[in-house]
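Peer 1: Below, each chain spelled out in residue letters.
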Amino acid sequence: MRFGDRFLTDPDLFPARIAGERCGDRDITLDLAGGPFHITGLTARQRESLATRFGAASVATSFEIIICRAAASDFHELDTRGWEYSLDFETNAIAGMRLMARIDPERNRAAIWTPVDDVDEFFGIVENVLRPLVATRLLANGGLLVHSTAAEGFLFAGESGAGKSTIAKLAVDAGRAVLSDDLNAVVRRGEGFALTPLPFTGDLTREQLSSEETPLRAIVRLEKGDHESVRPMSRAETASLLVRSAPYVNREAESGALLLERAAEIAQHATTLVLTFRRDSDVWPILTKSCP
Amino acid sequence: MAYTHEIVSLTVRSRITVDPHIRFRRFDEEGVIVDQKKSEALVINDVATRLLELADGERTLADCAAVIAAEFDADESAIEADLVRFATELVDAGVAQAS
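Chains as they are written, first to last, in numbering that gives the first Met the number 0: chain A, 0 to 291; chain B, 0 to 98.
Worth flagging that the hints you see were computed from the coordinates, not collected in a lab.
Small disclaimer: the values here were computed from a predicted structure and weren't measured.
We put the beta carbon where it would ideally sit given N, CA and C, even for glycine.
A hint or two may mislead.
[Said to hold, decoys possible] Computed cross-link-like contacts, SDA-like style, restricted to lysine to any residue with a CA-CA straight-line distance of at most 25 Å:
1) K288/A <-> N127/A
2) K37/B <-> L203/A
3) K37/B <-> K168/A
4) K37/B <-> A139/A
5) K37/B <-> R25/B
6) K168/A <-> L203/A
7) K36/B <-> N127/A
8) K36/B <-> G93/B
9) K36/B <-> D4/A
10) K37/B <-> K288/A
11) K36/B <-> R250/A
12) K36/B <-> F85/B
13) K168/A <-> D4/A
14) K36/B <-> L203/A
[What the hints assert, rightly or not] Label-pair ranges, simulated between beta-carbon atoms:
15) A73/B <-> R188/A: 22 to 30 Å
16) R58/B <-> R188/A: 42 to 50 Å
17) H20/B <-> D119/A: 38 to 46 Å
18) D45/B <-> E222/A: 20 to 28 Å
19) D45/B <-> R230/A: 13 to 21 Å
20) H20/B <-> E47/A: 38 to 46 Å
21) D45/B <-> T79/A: 34 to 42 Å
22) A73/B <-> E222/A: 51 to 59 Å
23) A80/B <-> E105/A: 28 to 36 Å
24) L77/A <-> R12/B: 31 to 39 Å
25) R205/A <-> K36/B: 33 to 41 Å
26) A80/B <-> A173/A: 29 to 37 Å
[To be verified] According to the in silico footprint, chain A covers these stretches of chain B (three or more CB under 8 Å from chain A):
27) 29-35
28) 39-46
29) 51-57
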């Protein structure tokens with residue numbers, strides 16, 4: 000199957016370069032890890048959608064994203080019932096539902112072509128481009144995007160089904176500050192690393208999440224069990240966990256060496272643990288005892 | 000579509016090299032292999048890590064076993080058997096190529 004076949008009525012017409020008719024003349028700055036991102040070419044409704052979801056910032060930006068108009072007829076009408084959404088990726092190109100995007104990493108710019116102007120849908124179009132963009136730029140800038148739950152300096156990484164959502168809910172129920180239950184940014188701070196908030200969430204709502212950056216205390220692999228216990232995790236296991244949990248960049252051949260190096264570096268700067276836990280348990284006493 | 004799978008049969012006279020798309024790094028007494036075609040990152044033990052460090056397409060598995068047996072003060076024939084088994088798994092998984 001060719002790139003874009005699933006979504007585009009004519010994949011041969013995928014834009015070859017960053018150019019096109021802007022949707023509007025509004026703009027917004029999103030202060031996210033890997034950015035800040037200046038998004039231009041917005042309609043008023045598109046801007047409202049992004050401001051509501053991500054918040055507007057007033058900071059110097061390092062990357063520009065241009066929103067360009069595309070015809071609805073450029074995209075297939077898809078029946079999404081029971082469908083797990085995924086995007087098509089090619090080097091610096093993304094195709095998705097009502098979405099085409101091209102990224103120019105050397106010139107720090109990208110463009111999104113979409114017919115979507117709906118407040119409740121548009122932020123999702125942009126988020127689908129921001130997620131891989133943040134992953135790539137974080138890796139290039141000394142950090143790492145990790146599929147994880149982060150709470151009070153603990154980074155609970157792992158594949159789907161490992162228990163990240165359960166841990167996030169347990170943390171919220173215990174009054175602990177959760178950054179995200181889906182994707183978290185590990186960023187370099189001085190000699191070490193910190194966990195910084197991203198608006199990419201899973202089951203939790205934004206209102207349930209903390210917006211406070213915290214130093215990275217521990218990287219934790221989750222294991223479901225019938226009791227609570229903690230044991231050390233080796234540096235190799237930790238690096239392997241981080242690589243497996245680094246979305247987008249762990250599929251890009253050119254990122255491989257840097258990804259493994261970054262995972263090793265982060266693993267060296269944190270306590271590394273395997274936590275066995277029950278779904279209804281309070282894991283915090285045993286965690287804080289293992290990593291004061 | 001017919002499913003075909005080439006059966007890999009290695010001996011101590013075989014040579015292997017790590018596939019160019021694989022990333023590999025030693026961590027203390029373990030190693031990590033990253034296969035980005037599958038988004039996989041596998042942890043391997045000390046002996047397997049040492050094999051990947053020695054596997055240059057020139058040394059046979061027997062040559063590698065002799066080096067490792069000396070370094071680990073272990074029985075060479077036992078190491079040879081381990082290396083043949085592990086090398087076969089690596090080639091089957093597309094991590095290494097045999098010659």
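Peer 1: For each hint, tell me whether it holds in the structure or not.
Peer 2: Structure-based check of each hint:
no., hint, in the structure
1, K288/A <-> N127/A, "violated (39 Å)"
2, K37/B <-> L203/A, "violated (29 Å)"
3, K37/B <-> K168/A, "violated (30 Å)"
4, K37/B <-> A139/A, "holds (22 Å)"
5, K37/B <-> R25/B, "holds (20 Å)"
6, K168/A <-> L203/A, "holds (8 Å)"
7, K36/B <-> N127/A, "holds (22 Å)"
8, K36/B <-> G93/B, "holds (10 Å)"
9, K36/B <-> D4/A, "holds (21 Å)"
10, K37/B <-> K288/A, "violated (37 Å)"
11, K36/B <-> R250/A, "holds (6 Å)"
12, K36/B <-> F85/B, "holds (20 Å)"
13, K168/A <-> D4/A, "violated (38 Å)"
14, K36/B <-> L203/A, "violated (31 Å)"
15, A73/B <-> R188/A: 22 to 30 Å, "violated (44 Å)"
16, R58/B <-> R188/A: 42 to 50 Å, "holds (44 Å)"
17, H20/B <-> D119/A: 38 to 46 Å, "holds (41 Å)"
18, D45/B <-> E222/A: 20 to 28 Å, "holds (24 Å)"
19, D45/B <-> R230/A: 13 to 21 Å, "holds (20 Å)"
20, H20/B <-> E47/A: 38 to 46 Å, "holds (44 Å)"
21, D45/B <-> T79/A: 34 to 42 Å, "violated (48 Å)"
22, A73/B <-> E222/A: 51 to 59 Å, "violated (32 Å)"
23, A80/B <-> E105/A: 28 to 36 Å, "violated (51 Å)"
24, L77/A <-> R12/B: 31 to 39 Å, "violated (55 Å)"
25, R205/A <-> K36/B: 33 to 41 Å, "holds (36 Å)"
26, A80/B <-> A173/A: 29 to 37 Å, "violated (51 Å)"
27, 29-35, "holds (count 5)"
28, 39-46, "holds (count 4)"
29, 51-57, "violated (count 0)"
In summary, the numbered hints that this structure violates are 1, 2, 3, 10, 13, 14, 15, 21, 22, 23, 24, 26 and 29.
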